[in-house]
Amino acid sequence: MEADVNMKYNDYNDSKQGTSFIGKIKEHHELIFAIFSGVLILIGWLLQRQGIENIAIPLFIAAFVIGGFAKAKEGIEDTIAEKNLNVELLMVFAAVGSAIIGHWLEGSILIFIFAVSGALETYTMNKSQRELSALMSLQPEEATLLIDGMEKVIPVSELRLNDLIIVKPGERIPADAVIVTGRTSIDQSAITGESMPVEKNIHEEVFAGTVNGSGSITLKVTKKSSETLFQKILLLVQSAQSEKSPSQQFIERFEGTYVKVVLITVALMMFLPHYIIGWSWSETIYRALVLMVVASPCALVASIMPATLSAISNGARNGLLFKGGVHLEQLSKIKVVALDKTGTLTRGAPAVTDVVIADGVNEEKFYKAVYTIESQSNHPLAKAIVKHILQENERLERIAVSVHEQSGFGVGAIINNTEWKIGKADFVNKDLTNSFHSNIGQTLSKQGKTVVYIKQGNEIAGLIALKDVIRDETITAIESLRNEGIKTIMLTGDSRGTAEAIATESKVDGFVAECLPEDKVNEIKKLEKESGSVAMVGDGINDAPALATASVGVAMGEGTDVALETADVVLMQNDLTKLTKAVQLSKKMNRIVKQNIVFSMAVIALLICSNFLQILDLPLGVIGHEGSTILVILNGLRLLKS
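Counted from 1, the sequence shown has number 196 at position 196 by this note's numbering; the numbering is strictly sequential.
Calculated directly from the structure, the hints in this document are not laboratory data. Note that this is a predicted model, so its numbers are computed, not measured. Warning: the hint list may mix true and false statements.
Taking lysine to aspartate or glutamate and the EDC-like style, the derived pairs with C-alpha atoms no more than 16 Å apart in a straight line are [as the list claims (entries may be wrong)]:
#1 K368 x E392
#2 K581 x E479
#3 K581 x E473
#4 K335 x D561
#5 K387 x E397
#6 K588 x E459
#7 K335 x E484
#8 K365 x E459
#9 K446 x D354
#10 K335 x D509
#11 K446 x D509
#12 K224 x D561
#13 K224 x D354
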């Protein structure tokens, strides 16, 4: 699969070297040939009306060859490869049969309209492929490698782990990496869909394909070019384009059998009506050929694939990556969505929600002491506290002190001959914390918050409460899913108290707390028995078993590699509201597919009945049949619109 992506990437680069005019001709050659054949048919028809048959017929033959070559070649190759008859051959037989009995114009019109419908199908596939090419164009081809202080430009494919590279303002980042020196803003819209640039500092991660903003930065490569998040996106899109939905697989199996039945019926129609009904031989053969045209399942075959590819392209453009039509089709059947908490409903990192300072304590002195101590710790809670303090006090200076840490409980230091302690209630003195501000710490804990106490000398100077806050879009996403008739359940490994607080805040319909990975799997199975199809949304390694078990697994774009690989759908923008967009897109696709199938079968039935009643001529049969094919393709193309 990776080799295929690289090959297509090379093809894309090669195409950029040629002229855009030639590239357009190559891309639309089927449509150009179809239009040219149509012009020849028009000229032939005008000459035929003037009685100049000796020139009109060669023009019709030329129209046959020019318009029908691509589809005839495709039909023959597919028949040889799959050892099964197909629609393309059926159309060729019908056109040749029309010519044999002297209906050159009707046969050439059949080829012309069939060529136009084929060109539309090719356009749909090219449109889907252009989504992949557009992604590929964002991948830089070269990187500036830093070796012993010297810069060297090399191909991105030659980058190795831990290589140092320089990225200047305005350049695209060539590999997944971390910032070693420098500070800048990064436009991540190509990967995450964020409209605003994101500030990045030393030790923060950046992704291949994103754009460096204002500052020159030095990066250390953390992933090979073949393993970047960008490359994974390409693989996911290509996989989605090649995988067929269950409906498409059924239609393709049905096509071979149906074509055989049509050919057998046509063979019987060549002589039975003459003996049974008393039709003339010319009428019998003519009606058999009309049957071959109108009974062909062209519109039925074209009912699904163009719509599916259009929907997948639409999703890719909007940050929704489907790993195949089967998953896109399945989403419309979802009754329950199970969601992980950390990193899915919430941001996945603690943030300060409350700061309570004791009466009489100097606020500046308080913040300076906390900042001094916590800035020397690598604990996630300490980092969140430092970040919050710096946001509130940009010019705060750190005091030079020695910090001592009691692992799992807290940290402390002597500042200006006064002992400061920061940590859990047991670390600073539980009796003091219980009496601080009417035991406000206990109230905050019941809200699902982690409380850090600050002790100055023998008194509690204050407390800081932190929480893994829910995402801004979480409530909107839950409500939009509810409007679609979908129930939401939160599955989390957190304690019941924390789970209940987050469930209430996010407004999910229910929750299950203290879940191990196997518990999540069991809950998914239980929900499927009770409600039917279930989607699981997660981002972590512990979510992977549940993602694999669910009817549809959905991963957050910033999730772990395991989650991304296991899931069926990826929300690249980390926006939960996109899940509703995916469900709506699935429902719209299935609705259009059903419309196409019903319409195409109704047209086939109407045309067959009209033929047997001898009220349908070959030209009208051609127009009715091929016109319906074009209509279902155009109906499917509506899914390209956002």
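Hint-by-hint comparison with the structure:
no.: 1; hint: K368 x E392; result: holds (12 Å)
no.: 2; hint: K581 x E479; result: holds (13 Å)
no.: 3; hint: K581 x E473; result: holds (13 Å)
no.: 4; hint: K335 x D561; result: violated (27 Å)
no.: 5; hint: K387 x E397; result: holds (14 Å)
no.: 6; hint: K588 x E459; result: violated (63 Å)
no.: 7; hint: K335 x E484; result: holds (9 Å)
no.: 8; hint: K365 x E459; result: holds (15 Å)
no.: 9; hint: K446 x D354; result: holds (14 Å)
no.: 10; hint: K335 x D509; result: holds (13 Å)
no.: 11; hint: K446 x D509; result: violated (20 Å)
no.: 12; hint: K224 x D561; result: holds (14 Å)
no.: 13; hint: K224 x D354; result: violated (42 Å)
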